[in-house]
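Number of protein chains: 2
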Amino acid sequence: MIVTIIGTGLIGGSLAITLREKGVAERIIGVDQHESHLQRAKELNIIDEGMTLDDAMQCSDLIILAIPVDGVLQVLPTLMDKVRPNQVIMDVGSTKQKILQLVAGHPNRGRFVAAHPMAGTEYSGPDAAVRNLFVNKTMVLCDVKNSDEDALEMVEDMVDKLQMRTVYMNGEEHDLHTAYVSHISHITSFALALTVLKKEKESGRIFELASGGFESTVRLAKSSPDMWVPIFKHNRGNVLDVLDEHIHQLQQMKALLEAEDYDTFYKLIQKSNKIRKILK
Amino acid sequence: MIVTIIGTGLIGGSLAITLREKGVAERIIGVDQHESHLQRAKELNIIDEGMTLDDAMQCSDLIILAIPVDGVLQVLPTLMDKVRPNQVIMDVGSTKQKILQLVAGHPNRGRFVAAHPMAGTEYSGPDAAVRNLFVNKTMVLCDVKNSDEDALEMVEDMVDKLQMRTVYMNGEEHDLHTAYVSHISHITSFALALTVLKKEKESGRIFELASGGFESTVRLAKSSPDMWVPIFKHNRGNVLDVLDEHIHQLQQMKALLEAEDYDTFYKLIQKSNKIRKILK
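If you're matching them up, the sequences are chains A and B in order. Going by my numbering, the first sequence opens with residue 1, and the numbers climb by one from there. Going by my numbering, the second sequence opens with residue 1, and the numbers climb by one from there.
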């Protein structure tokens with residue numbers, strides 16, 4: 001089939017590479033507001049050609065929206081109006097409630113499938129696109145009862161070919177859970193980077209000592225604000241709740257350290273060690 | 001030479017494996033208060049034999065203290081009293097000021113070298129010991145002007161064989177810098193794990209969605225409280241300072257989100273992206 005990828009960056013580009021490799025897409029069209037991204041995606045053989053959105057809509061079986069969520073909210077209404085009964089639109093945005101609200105009740109709602117691959121890196125743009133980004137990762141499909149059966153099947157077949165496992169939820173659950181397992185991790189990383197960069201100004205030697213543990217907790221701070229500000233904006237309520245709780249946990253640790261109550265601090269760390277059961 | 005490793009866990013065990021492999025140690029003696037660790041270290045061929053500390057002191061050229069920093073503070077005074085002029089004692093503890101204060105002015109101060117390899121994992125015990133843990137990592141040597149020339153040379157030769165680069169600082173600098181690039185990363189990880197585990201109790205589906213970003217920021221929360229509580233205790237002042245600053249950064253982000261000031265939030269993330277220059 002012919003697949004259009006709107007947004008030829010990390011996620012869109014990686015999808016394009018894998019869909020071609022797995023024989024899902026025989027032709028891949030790129031749409032991108034950055035002409036330089038389209039150019040680069042062609043050079044890297046990620047897409048076959050660049051087109052305007054209108055032209056791409058004329059000849060595609062599947063249209064994948066792989067742009068920041070504020071972009072999805074802007075572009076999706078037009079796509080929904082124009083989509084033909086044999087076409088499928090899918091988004092891969094990191095928040096889902098606002099997107100699902102936007103298309104709710106639309107006469108063509110059935111042609112749309114809301115998806116979120118729980119995969120990524122801290123890099124962006126076509127050069128960040130990689131093979132196998134999605135292998136063994138989770139694809140969340142939201143609100144699938146409102147997608148047409150054939151549209152859902154097309155996406156589910158694709159998810160199989162990407163070697164992903166599928167989890168089904170509604171948009172509300174999705175946005176709550178991702179605030180905990182993805183969005184807060186980015187906030188702490190950004191804050192940690194700012195904390196250390198501020199100190200580095202005074203004392204130039206900090207980074208001589210940075211090792212794996214530091215890199216691991218701070219690498220997400222390389223992530224693009226173009227992607228992340230819209231996520232925080234569109235999942236503001238959940239992100240604020242979890243941020244509140246996280247600040248509370250840090251304040252508790254601070255209070256224990258101030259009081260030199262090392263026994264309770266020990267028990268708190270033991271409790272946090274239970275994350276071992278969940279992380280492999 | 002004959003090397004005694006006090007503490008046959010992650011760091012001590014990994015040192016033993018590498019020192020044997022590189023031909024630095026022809027015999028390795030293990031000392032551990034946990035009989036089961038000694039047994040396991042022997043089974044894994046990490047050490048040649050287990051001994052009491054007294055017996056090990058009789059026959060060793062180099063004695064390496066690889067136990068939590070509160071243990072170092074307990075054991076070191078006796079070792080300093082007993083050390084012979086041809087022996088070298090080295091510690092690999094994660095905080096340095098208290099240790100250096102303890103040995104300051106001791107008649108045998110010259111036989112002691114204070115070291116801290118900036119390497120590790122979130123695992124502990126002899127089974128966590130691995131080859132190549134130290135390759136291309138940084139070894140901090142502290143306060144070396146107070147070590148005898150031959151003692152320092154022995155340790156520096158060893159650091160070369162471990163394929164590490166050396167950084168020299170005093171204990172004060174060391175404890176300040178490690179608070180920023182190591183200790184705070186662990187605090188945020190512990191707090192993040194607690195935040196998410198608490199929510200998971202209410203809502204069992206969070207971890208279906210956990211992916212690489214989450215794992216990366218939370219993996220340090222698997223770390224042992226036996227190692228980390230003493231570190232926070234002995235670097236309390238610096239850890240409190242950086243924790244304060246980190247909480248302040250998070251509160252700032254929270255305030256921006258509450259005020260829906262996404263422009264300033266965007267600039268803040270851009271600022272934190274400067275960490276790219278430092279992390280490879």
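Honestly, I wouldn't trust all of these hints.
One copy or two, it doesn't matter: identical chains are merged, so the pair holds either way.
Claimed, not checked - Straight-line Cα separation of at most 30 angstroms, DSBU-like style, residue types lysine-lysine; simulated pairs:
(1) 137 <-> 42
(2) 82 <-> 201
(3) 82 <-> 277
(4) 161 <-> 201
(5) 201 <-> 42
(6) 201 <-> 277
(7) 145 <-> 22
Hint data in this document are derived by calculation from the structure and do not stem from the laboratory.
For a quick check of understanding: which of the numbered hints are violated here, in increasing order? Violated: hints 2, 3, 4 and 5.
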